[in-house]
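Quick note, the sequences are listed as chains A and B, same order.
If you read the first sequence in our numbering, its first letter stands for residue 2, the second for the next number, and so on.
If you read the second sequence in our numbering, its first letter stands for residue 2, the second for the next number, and so on.
Incorrect hints may appear among the rest.
Pairs involving identical chains hold if they fit within one copy or between any two copies, as the list cannot separate such chains.
As the list claims (entries may be wrong) - Derived DSS-like pairs (lysine-lysine); straight-line CA-CA distance at most 27 Å:
hint: 1; residue 1: 95; residue 2: 205
hint: 2; residue 1: 205; residue 2: 157
hint: 3; residue 1: 180; residue 2: 79
hint: 4; residue 1: 178; residue 2: 196
hint: 5; residue 1: 39; residue 2: 180
hint: 6; residue 1: 170; residue 2: 39
hint: 7; residue 1: 196; residue 2: 103
hint: 8; residue 1: 157; residue 2: 196
hint: 9; residue 1: 205; residue 2: 147
hint: 10; residue 1: 147; residue 2: 157
hint: 11; residue 1: 103; residue 2: 205
hint: 12; residue 1: 205; residue 2: 178
hint: 13; residue 1: 130; residue 2: 147
hint: 14; residue 1: 95; residue 2: 147
hint: 15; residue 1: 196; residue 2: 180
hint: 16; residue 1: 160; residue 2: 170
hint: 17; residue 1: 95; residue 2: 180
hint: 18; residue 1: 130; residue 2: 79
hint: 19; residue 1: 79; residue 2: 147
hint: 20; residue 1: 160; residue 2: 147
hint: 21; residue 1: 103; residue 2: 160
hint: 22; residue 1: 147; residue 2: 103
hint: 23; residue 1: 79; residue 2: 39
hint: 24; residue 1: 180; residue 2: 147
Read the hints as simulated data drawn from the structure, not as lab findings.
Fair warning: this is a prediction, and the values are worked out from it, not measured in the lab.
There are 2 protein chains.
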Amino acid sequence: MAEFSTNDIDQMHHLYRINLINSCSGYKSANLIGTIDKQGVSNVAIFSSVTHLGSNPPLLGFFLRPTTVIRNTYDNIKATGIFTLNHIHEEILKEAHHTSAKYDHSISEFDVTDLEEDYIDGFEAPFVKGSPIQLAMRYVEEYPIKANNTILLIGKIEKLYVPNELLEKDGFINLSKGKVATINGMDGYAIPNIKMRLEYQRPKPEFVIPND
Amino acid sequence: MAEFSTNDIDQMHHLYRINLINSCSGYKSANLIGTIDKQGVSNVAIFSSVTHLGSNPPLLGFFLRPTTVIRNTYDNIKATGIFTLNHIHEEILKEAHHTSAKYDHSISEFDVTDLEEDYIDGFEAPFVKGSPIQLAMRYVEEYPIKANNTILLIGKIEKLYVPNELLEKDGFINLSKGKVATINGMDGYAIPNIKMRLEYQRPKPEFVIPND
Numbered sequence: 002m003a004e005f006s007t008n009d010i011d012q013m014h015h016l017y018r019i020n021l022i023n024s025c026s027g028y029k030s031a032n033l034i035g036t037i038d039k040q041g042v043s044n045v046a047i048f049s050s051v052t053h054l055g056s057n058p059p060l061l062g063f064f065l066r067p068t069t070v071i072r073n074t075y076d077n078i079k080a081t082g083i084f085t086l087n088h089i090h091e092e093i094l095k096e097a098h099h100t101s102a103k104y105d106h107s108i109s110e111f112d113v114t115d116l117e118e119d120y121i122d123g124f125e126a127p128f129v130k131g132s133p134i135q136l137a138m139r140y141v142e143e144y145p146i147k148a149n150n151t152i153l154l155i156g157k158i159e160k161l162y163v164p165n166e167l168l169e170k171d172g173f174i175n176l177s178k179g180k181v182a183t184i185n186g187m188d189g190y191a192i193p194n195i196k197m198r199l200e201y202q203r204p205k206p207e208f209v210i211p212n213d
Numbered sequence: 002m003a004e005f006s007t008n009d010i011d012q013m014h015h016l017y018r019i020n021l022i023n024s025c026s027g028y029k030s031a032n033l034i035g036t037i038d039k040q041g042v043s044n045v046a047i048f049s050s051v052t053h054l055g056s057n058p059p060l061l062g063f064f065l066r067p068t069t070v071i072r073n074t075y076d077n078i079k080a081t082g083i084f085t086l087n088h089i090h091e092e093i094l095k096e097a098h099h100t101s102a103k104y105d106h107s108i109s110e111f112d113v114t115d116l117e118e119d120y121i122d123g124f125e126a127p128f129v130k131g132s133p134i135q136l137a138m139r140y141v142e143e144y145p146i147k148a149n150n151t152i153l154l155i156g157k158i159e160k161l162y163v164p165n166e167l168l169e170k171d172g173f174i175n176l177s178k179g180k181v182a183t184i185n186g187m188d189g190y191a192i193p194n195i196k197m198r199l200e201y202q203r204p205k206p207e208f209v210i211p212n213d
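The following block holds chain A by itself, in its conformation from the complex:
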């Protein structure tokens, strides 16, 4: 068994630390966030921190650093109030991963990769063509995180597109039927197969404390 204390983590080589800490929280979502600036330059970038916040209202959040390439995504969302979320699937893994490279703001990742931008139903931010699940999102609010200068950005789902064959009768989207990816650490990718769905859980009767 390997053990790492706070002190060990502080002292280790930064690349080792990035790999270790990025993979210690478990599997991550794999999304491409599409945005556009006021001049019409589009941007698409990979994010592994998109998280469900609540279904009513339908809110998702993600974390971003206020520096480097990710800044394009943030600046564009602040300028336009909108963005798209597009699930990364098996066919576009390598192209999606390449959007983590740092390009100048004037260059669209759609021009340097085989990813194709798609504009749907008049929504101004670009979707990623062929992505099995696509969401049109509107900016709601943000929280600057004091502990490490990241930003939590929260968006509301304005439109959700899902192929019928992924959608089950009770609203469950079967991600594995869409060959949706999940991320391990900075650079590990898997295409999971759903093993099982478990039932809604109620307490075991013998452990329920009766009301007086």
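Position chain B relative to chain A; hints supplied.
Here is chain B on its own, set in the frame of chain A:
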């Protein structure tokens, strides 16, 4: 293709909405959070929102509702300042899922399930025995989320335990070697196999704008 607008989502049956919106963000992490109150009553609960916030300092965050069973986790963390994170793996899927049932605060989920509590290196919050990756966490800060009354709680890694066979030379933890689970929606579970690791990405030279 199925399409859902904000209005459709607002109007749909709440169970359909919960399934749909919970599965539309992609795969989620699968963790058991262990806590203990001042009287020594332990608690363990399943969370699918644990997210990597940054590696230096090593921070993770998760979202919780200020009501229902999850309140025990929050109250205990506020009272003691500590909690544990334990990855859910193939062998304990059903027991882990059962911790979503609502038990009275006086009842420990360790007593009603086959999950076993484990106390390591004098850390006062309970770990889940046999979990392939275990983290001792200390409370850092929290953010009340106005948009839906959830709370983002941020903790710092104080100790990380990983079996040597999961740890690669560059610090990458191979989650699939630990048969770690990922969650689809409210109740879908998968045990992914890592398909590939991709390299660190640099811009393609022909798209680099030279410095003047």
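Hints, verified against the model:
no., hint, result
1, 95 <-> 205, "between (47 Å within a copy, 14 Å between copies)"
2, 205 <-> 157, "neither (36 Å within a copy, 34 Å between copies)"
3, 180 <-> 79, "neither (32 Å within a copy, 40 Å between copies)"
4, 178 <-> 196, "both (12 Å within a copy, 17 Å between copies)"
5, 39 <-> 180, "neither (34 Å within a copy, 46 Å between copies)"
6, 170 <-> 39, "neither (40 Å within a copy, 45 Å between copies)"
7, 196 <-> 103, "between (37 Å within a copy, 25 Å between copies)"
8, 157 <-> 196, "neither (30 Å within a copy, 32 Å between copies)"
9, 205 <-> 147, "neither (42 Å within a copy, 35 Å between copies)"
10, 147 <-> 157, "both (24 Å within a copy, 13 Å between copies)"
11, 103 <-> 205, "between (53 Å within a copy, 10 Å between copies)"
12, 205 <-> 178, "neither (33 Å within a copy, 33 Å between copies)"
13, 130 <-> 147, "neither (36 Å within a copy, 33 Å between copies)"
14, 95 <-> 147, "neither (34 Å within a copy, 37 Å between copies)"
15, 196 <-> 180, "both (14 Å within a copy, 12 Å between copies)"
16, 160 <-> 170, "within (19 Å within a copy, 43 Å between copies)"
17, 95 <-> 180, "both (14 Å within a copy, 24 Å between copies)"
18, 130 <-> 79, "within (24 Å within a copy, 45 Å between copies)"
19, 79 <-> 147, "both (20 Å within a copy, 19 Å between copies)"
20, 160 <-> 147, "between (32 Å within a copy, 22 Å between copies)"
21, 103 <-> 160, "neither (29 Å within a copy, 33 Å between copies)"
22, 147 <-> 103, "within (25 Å within a copy, 33 Å between copies)"
23, 79 <-> 39, "within (10 Å within a copy, 44 Å between copies)"
24, 180 <-> 147, "neither (37 Å within a copy, 34 Å between copies)"
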